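> Residue-level listing of the chains:
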Amino acid sequence: MEYVSPEGLRLDGRRPMEMRQIRAEIGVVAKADGSALFEMGNTKVIAAVYGPREVQNRSQQLNDSALVRCEYTMANFSTGDRMRKPKGDRRSTEISLVIRQTMEACIMTHLMPRSQIDIFVQVLQADGGTRSACINAASLALADAGIPMRDLVTSCSAGYLNSTPLLDLNYIEDSAGGADVTLGIMPKLDKVTLLQMDAKLSVETFENVMQLAIEGCKAVATYIREVLLENTKQLESRRGI
Amino acid sequence: MLQNKSFVKRTRGGKITKVVREHYLRHDIYCGAPICKVCDTSQARLSPTPSTILIFDTNVVLNQIDLLENPAIDDVVVLSIVLEEVKNRNLSVYNRVRALCSNSLRKFFVFSNEHHKDTYVTEMSGESKNDRNDRAIRVAAQWYQTHLAGSARILLITNDKENKRKAIEEGISAETVESYVRSLSRPDLLDLLVQPASEDVNMEEVEDLRPSKRKIIYTEHKPMSEITSGLHRGIYHQGKLRVNRYNPFEAYVGSESIGDEIIIYGRTNMNRAFDGDIVAVELLPQDQWHEEKSLALADEEDEEEDVHLVPGSADDAPRTTAQPPGSAGVTEPISSRPSGRVVGIIKRNWHSYCGSLEPMAMPAGSGGVAHALFASKDRRIPKIRIHTRQLENLLDKRIVVAVDSWDRLSRYPSGHYVRTIGQIGDRDTETEVVLIENDINTRPFSSQVLACLPPLPWSVSSEDLANSIRQDLRQLRVFSVDPPGCKDIDDALHCTSLPNGNYEVGVHIADVTNFVHSDTPLDDEASQRGTSVYLVERRIDMLPKPLTEDVCSLRADVERLAFSVIWEMTPEAEIISTMYTKSVIKSCAALSYIEAQARMDDSRLMDPLTTDLRNMNALAKIMRERRIQRGALTLASAEVKFQIDTETHDPLDIGMYQIREANQMVEEFMLAANVSVAEKILKHFPLCSLLRRHPTPTREMLEPLLRTAAAVGLNLDVSSSKALADSLDSAVADDPYFNKLIRILATRCMTQAVYFSSGDLSPPEYLHYGLAAPLYTHFTSPIRRYADVIVHRLLAASLGIQKLPTIFQDGNRLTSIADNLNYRHRNAQMASRASVELHTLIFFRKRPTDTEARIVRIRSNGFFVFVPKYGIEGPVYLTPRGDKGGGEWFVDEQQQKIRKMDGSMSYSVLQTVFIHLEIVEPQPNRPKLQLTLV
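Protein sequences appear in the order of chains A and B.
Residue 1 is where the first sequence starts when you use UniProt numbering, and the numbers rise one by one after that.
Residue 1 is where the second sequence starts when you use UniProt numbering, and the numbers rise one by one after that.
Just to be clear, a hint being listed does not mean it is correct.
As the list claims (entries may be wrong) - Cross-link-like lysine-lysine pairs, in silico, BS3-like; alpha carbons within 30 Å at most:
{"no.": "1", "chain 1": "A", "residue 1": "Lys200", "chain 2": "B", "residue 2": "Lys803"}
{"no.": "2", "chain 1": "B", "residue 1": "Lys129", "chain 2": "B", "residue 2": "Lys117"}
{"no.": "3", "chain 1": "B", "residue 1": "Lys803", "chain 2": "B", "residue 2": "Lys928"}
{"no.": "4", "chain 1": "B", "residue 1": "Lys683", "chain 2": "A", "residue 2": "Lys200"}
{"no.": "5", "chain 1": "A", "residue 1": "Lys218", "chain 2": "B", "residue 2": "Lys87"}
Said to hold, decoys possible - Selected chain B positions facing chain A (in silico; Cβ < 8 Å):
{"no.": "6", "residue": "Lys18"}
{"no.": "7", "residue": "Val19"}
{"no.": "8", "residue": "Val20"}
{"no.": "9", "residue": "Tyr24"}
{"no.": "10", "residue": "Asn103"}
{"no.": "11", "residue": "Ser104"}
{"no.": "12", "residue": "Leu105"}
{"no.": "13", "residue": "Arg106"}
{"no.": "14", "residue": "Ser112"}
{"no.": "15", "residue": "His115"}
{"no.": "16", "residue": "Gln390"}
None of these hints come from the bench; they were simulated from the model.
Computed from a prediction, not measured in an experiment: that's the story for all the values here.
For glycine and all other residues, C-beta sits at the position ideal for the given N, C-alpha and C.
Excised from the complex, chain B in its bound form (with noise of 0.2 Å):
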């Protein structure tokens, strides 16, 4: 094999240097079709007989993604020149191109051009790096013209006219995207075009006709030169964009320069940036500081806080600014918080967004071409301009629209029909949109997974008992408690007194490591996945069905295959030992936590189940109050439950999900698990656990809790968890629901727990605040979660069962899983969340309710109340909308409280008011649920 070397020289940024880099081009590079006679067809994948060719240029693939995963679009050559340029302008297009390459049902191949010696070409003199790139290109379309001899049409698609008028005078068929699409003759495949500039102009002569409108209406984003100098100078600060989820005209950027945030108000100051966008702000003067919110409002379309279910943590919290609401005729004193405005956008995050179209009359003429608005269902996210062929059909869809460009002289970005999810208001579709406005996989586990799983039906074998690493507990009185109606069963329990004394408890966990190897497919497809994903109706898993139901599942009567953690206690709940190790075990009793609650509290049964019930009650209840005694957090979280109609999945009922002694009591013991496993873990391998850490909250963040609490009169201590609870177990009143209430105030001021490798932080930091345990992690739900089988490996490699998987070597590896695991752990949070808030609203359809709420949060022209049966939060209009606060109500804002001016009325925070709940739909096809005061 022949090695040629040329040399590729490069500069890089700031000191200019010389790279001198090998190249080495080959001969062994094939074409990949598979009529090729010269060629090694073996890897070959485009169609035995294609009729056409098509190789894409650079900018073609950048913006044209969504039509090249149209399965229309096939037996395409991808040059591997275009994919470098594609990956270095955009990741996200370059993992979607990657994607199709690997898709063994699409047709595309990619071709090395860089590295063959026919089609390497050197760049000359004079010649610009996008230049030498197209010659590539068009040197690669000329070669396989060539090579494949007029068996099969070569048609570079490129929208560069140079380009293109170079490609045909070498004898090149070129073509644009879209003369190609309308060669196709399908007039769907049209809307995925984005329009190409050119084509804006159109846009604006529509424009032209508003002369109003035709103005500049955002200020130009910096050149990159001069943003970097900039954040090199300290006059602009970077930070990512996060928009307000509840209103979406106001945004903070976290700058690591300042140490703070930056608010910005309104669209003008955020200049075109979208939501987790990475932008250059500068700061305001700092008269400008107190810029009022309703002042952001009042420029553009009146939009409004939203019924919400209520936040679990601070971090789907609604964000509460420091500065008090402004009311007439009082000087505000300016705020201490800076505010900004974006100059410039370092890196986009535009993805897709599912929504629908605001609702328009069909355009006259205009050739079928309609200008239509889409609305996010995301309020982050602005409307988005769209063209469309077929508005008729997509006007009561939900849809998926994908963002193109956003120029300084339209109010919203333009961007281009993806795809249909179907019809707005139904179920299924609105299931959909959650799930993939969550990022969520649903799609059903590949062959490549399932030939992973052992053959069925499965069963403990012989070999499963001989193995000496497997302890055979079988005779073992072990049992489950769980939810009604549970089918993944990760855990079990046993409780058995010794003869010492003692009691001998132990919890049993599937044993799912044994049947998801590491770097098999089923093991990065969960890894993926992350965890399982539970809706109101309906679960999406994280393992295929076969294991997570079954050969998993610790089921009732059926030997299981277990890992286990089994402690001798004292009956004052010391851990005397602590032993680890993989069973066989057999459930005699799947009990729900009614069932044995139930069983506990009938005292006329005296079987050895139930006996062994009371004994793990009362080992569980110590073992609680030395947790609380430690510091430990009782935190509330106003979780609901349906009933939901078997037939048509409707709900029928919603009520507050009820705590009881039976759930404390595996919870416990669950608790218990994880930490000794942590310890274990953490002691063997001290650079690569995966734990769990809860940051502690800082004061600021405890902030709106404090303000609320004193303004009741309460005053709570936060200096340390231990001090916090103990605040929060003294703050009774009259009221049996005022500690709750406070306890779920507390609840959303924490951010939520994360998965963190051990290497990347120092012992301290590992504190999980909220169980006051300095180690933590998870183990006991590896048929849901991901992290709790990598936790099981470790354990297994802890106690030399098994070798540690390579890739715990690798530390950034670690990281990165952590990473993805904390993000799917969200997104599942929020895709529940959803759903029960889509269930709320379809549940309140039919039934106009009056119930009982509390006040939450005082507003200007109104307040936020919870409505505890429901488990939401919404807001409560005392004045008509758009009238903000117009003088008639006072917000006193140290005693938490809202005035009518004469004195005759007044509402203040924790407030018990009773409030109707219906239905409205004050814009088409957007339902919301509306409180009212009775």
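Same shape as in the complex, but just chain A (with noise of 0.2 Å):
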């Protein structure tokens, strides 16, 4: 199949470089600590953050830092035909264990020691990248909440597919069966905090489109700030400073 066209289009028109429209909105659920809605394309995740508060279940209380839990859930509704999903199928547990993971890198859970962060995340709708909206969702809603972090973690995904290497793979992408790449950084440490990959890829195109992957974190970082900065204006606003 031609995923990318002989004039250098894909099949939703964006060129192999270009990323998905994405949006974010801070604040979407009163009731959290901190939360923030995510949208990349037609992909659009919701996150919820509830901490630091008192570890529910005294048995897995850490004396030394923060307990760090995470929930990842698609709504029935996110997919095309609505399935009632089993609540923790495989899937579910492999990306909530990423997702924690990855926020664990950057949160200083050593400041809070004998409490625990929640972080849910929900898939509204699915459009493939849902791992990576996840991960910006949870970092903006992290961010929301005021919890003490090293730096913000964005995360992305590249594919190689049709030779060709492509940002931001949306769902018909992605099942194309070519290799895909997610990966989060801490953008501002330059560090590497998630990297995933299916399939094979040699070493040179791997280097490719991990570079390609590492540009479109570091757009993502760049419009997540500003997103923070600009609730962070109204926030001053809104007190009087």
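These two chains come separately, so use the hints to put the complex back together.
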């Protein structure tokens, strides 16, 4: 199948190095300590953060750092066919774990011993790249909750189809069977916190694809930073400072 | 860059789901005209000052692709919506349009109107998809008109009346294809036009004059929805229709749902299906299954079996049906093989065909347009009706014709003229026909491909010698043994005695991958061509000539780069160790098989080279013996060799190709090298090795052999290749040629070996039946086979010399490469055979001959004979044609005999007869070889 036309356009009209349109909103769940909505094209996720708060299950309490928990779910209506999905299936367990580990790496957990931070992410609409969108949303929600972090984690995926590296795969491209690299970085520290790939790539192509994903993450970071700054300015004006 | 978003809703078959996809509209899509002042013109493809820019609608592109390919049509803007529709409806037309768009000589520009912010249109409520797309085409045309503002005329070409009317209303100039082509005043282009459906009325009126022909000839095809549900319920069966090469009124559909082949007799039952179409078939009631072939032949014009080359394997052997030929008065048992009829065509396999027009008188009047019947060279294709304005030019020419439609009122499909190849009977023309029919690319290599060649004249450089991966083997006494006059020498050998009494034996293969790097135009071209094609008088190379004949060729007395497999062998030919390395060699002699054989046979010669040859021959004999012990089949083929006049290129003499010990010696070491390499690459790359397998023949496939053998009192054991080999060995009679004949018959029951990717099959399926080798591949002829190039890359990667190219990580790509190689390989063989057939015809044109022949198959009105001397096979009729075994002759199926009723004469299978060979021309321009009993 032709995923990139000889004219250099992808199926949805993007060029190989282009991301989908991204949009973010902070404070969408009033009850949560921090929350955010994140859209990458038709992929739409919501994240809510509770904490730091008292550890619910005492046996899990850590004496030197905070306990980070994460739950990833997909809304039944998030895909075209409405199906009741069992909670805690393999895929969501894995993604929950991935997001928890990625966020744990940037939260300064040692500052909040004997406490618990809960991150809930839910996919409202899925169109490829849900993992990346969830991490971006969680990152924003954590920032909104005012949880101390080393840096913002941002994530973006990239793939390799028709011998072309493609940024930010949508669902059709994702299910094409080519390699799919999901990358999470801390842009200021220039560190990688998440790197996943299915399928195989040669080292040279992998480096190209990864470089593209890094560019993508940085672009997301710039946008997230703007959103946070805007949000802070609004808070400022509301408080009348 | 602003991106807008819109939603496209789609439903898929079966379950209705709403699919939402993003659709970005862009500013940065340019018009492709160099005169444009606003757009970026770096990608522009149209001519600098186009007088008219053409925009075609989808149906025009789909139907008139032959016209589009004509260089007279240029400055075309192809809209992406048109491309998309074409792609959905006909992939081969799509590929042809894409080829036009990427051809730098043609001025075709693809305008992505679907992603341009000004030309994207959303579907209006109540508007059908087609109407929406037509509107999109008009909007794009209008955009061009305003965008280029009068500097060029925009012309929309459409055959849809409604579309044209609306276009003119909207102020776009629009024309039909016909009126446009007429305005070009090029009568030859008009022939390329597919006649629009409205003109068919004309055709039917002609037929109206003959009331007998005005009936409905074929039943209607079932609508697709009915076919789908029929397939679902199991009353229809889907499969690819294959027409019998030797009897175009008989076809087979391999059906997975039945697990057997469905036979389809007669054109009526075939219901307008072509060879290669995917069809839906309905089974006939069981009492109609025994429908005779003669019945099928009776209602259409008579065709008969032709003289052909002896088939090399089951793939090109005539299909034998299981039922015995009919004879009067005997009630036939009902055949167990299902027969059926075509109810619908799921996918057409129409392409263009080579052939000539049926001879006909020049029609009077009718405005210079003549209706002619075209007969394809490929007998599986029915005659095709075409319109032409240049009849007198075409009558004695080979021409290419494409099929357009086949309605159920007409006996024959209608098509249109594409181009002329040349004079009928001319050798070059006929060779060209052979090449086109087998889809062989004979175009010269493009400049991009030639740019990948190393600078010439090339010689081994000091860097090559200094390279640590390359062993310097120039001191070895390496030599090559090939057919006489061979220029593309891809293998050489050496054999030295070691102090410990063992031998060091090396096989050196031209290091093609040193020059052909992956992902270069050269590599793409070679992978497309797949193999070199050897015709009787000509060779079509896979790689450009400098590589084939000089740089890679392991010629004598020059230093060349090689990829070597070196074994240490005991005098009992046990392999002690194997080493693979890239090397530099210097061949000391390029021998022909005859020379090598003469050296070995001449006991006075004691020079080192001859000693090496003898040592190798001794080893080869042991290896061969061992291979046969393992159960390898010694199969025989009836290959013939022509002697060609160097001036006129006419064949002077033909005879069986003689196989000498020297041939077998070289073959043995090549086999050993291939097996060693197969083991090595599979060990390193279990999922992406390119191997070669030969499937075990089923008992059904061996049935004709067993029946023949049983008739002459021979009992063949076919339980395993070993058993078969043994019983073939014991099949000896007083007749010295008997054994070879049986082997030839055995060979044609087998299918051909095929390439495959090791990831696609499980290890037990890797077996090469004929060689009795669990693993086999092709390594030894990289100059003329692309498979070997791939294997060289794999071997280099397994030695850590080079990185594995990325295509190996893509299982689908590798499978498609293997499929292409099989296809090309098979076509190359077919082309060689056709070329030999052609030359046989030329040879016998002036030389009617009497010769000895063997009966190989019995038919109701004669038998098939095999002529060993010329390697041909053909029918001999005992009764005059048309009289289908009218009672005078009687066939004994059990004994494979044909007897005269009064018992005065009988012929049995494998019997020797004397026949007369002569060229006759029953129809003009269709010369053929006729065999008659003397």
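> Are the hints correct? Go through all of them and say.
Taking the hints in turn, this is what the structure says about them:
Among the hinted pairs, lysine 200 of chain A with lysine 803 of chain B is consistent with the structure: their alpha-carbon atoms are about 15 Å apart, no more than 30 Å. Under the criterion of a C-alpha separation no larger than 30 Å, the hint pairing lysine 129 of chain B with lysine 117 of chain B is consistent with the structure, at around 20 Å. Annotation: proposed proximity of lysine 803 of chain B to lysine 928 of chain B is violated, straight-line Cα distance about 54 Å (limit 30 Å). Of the supplied pair hints, the one linking lysine 683 of chain B and lysine 200 of chain A holds, its CA atoms being roughly 19 Å apart against a limit of 30 Å.
Annotation: proposed proximity of lysine 218 of chain A to lysine 87 of chain B is violated, straight-line Cα distance about 38 Å (limit 30 Å). A hinted interface residue such as lysine 18 of chain B counts as satisfied when its beta carbon comes closer than 8 Å to some beta carbon of chain A; here the least separation is about 6 Å, so the hint holds. For valine 19 of chain B, the suggested interface contact is upheld, since its CB lies about 6 Å from the closest CB of chain A, less than 8 Å. Annotation: interface hint on valine 20 of chain B holds; nearest CB of chain A at approximately 6 Å, less than 8 Å.
Residue-level restraint check for tyrosine 24 of chain B holds (minimum Cβ-Cβ distance to chain A is 4 Å; threshold 8 Å). Evaluation of the asparagine 103 of chain B hint against chain A yields a violated restraint, the C-beta minimum of about 12 Å exceeding 8 Å. The interface hint given for serine 104 of chain B is violated, since its Cβ lies 13 Å from the closest Cβ of chain A, which is over the 8 Å cut-off. Hint on leucine 105 of chain B is violated. Least Cβ distance to chain A is approximately 17 Å, over the 8 Å limit.
For arginine 106 of chain B, the shortest C-beta to C-beta distance to chain A is roughly 14 Å, which exceeds 8 Å, and the interface hint is violated. Interface restraint check: serine 112 of chain B against chain A, minimum CB-CB distance 5 Å, threshold 8 Å, status holds. With its C-beta approaching chain A no nearer than about 4 Å, histidine 115 of chain B sits inside the 8 Å limit, and its interface hint holds. Taking 8 Å as the C-beta contact cut-off toward chain A, the hint placing glutamine 390 of chain B at the interface is violated, the least distance being around 36 Å.
Violation of the numbered hints given earlier is confined to hints 3, 5, 10, 11, 12, 13, 16; the remaining hints are satisfied by the structure.
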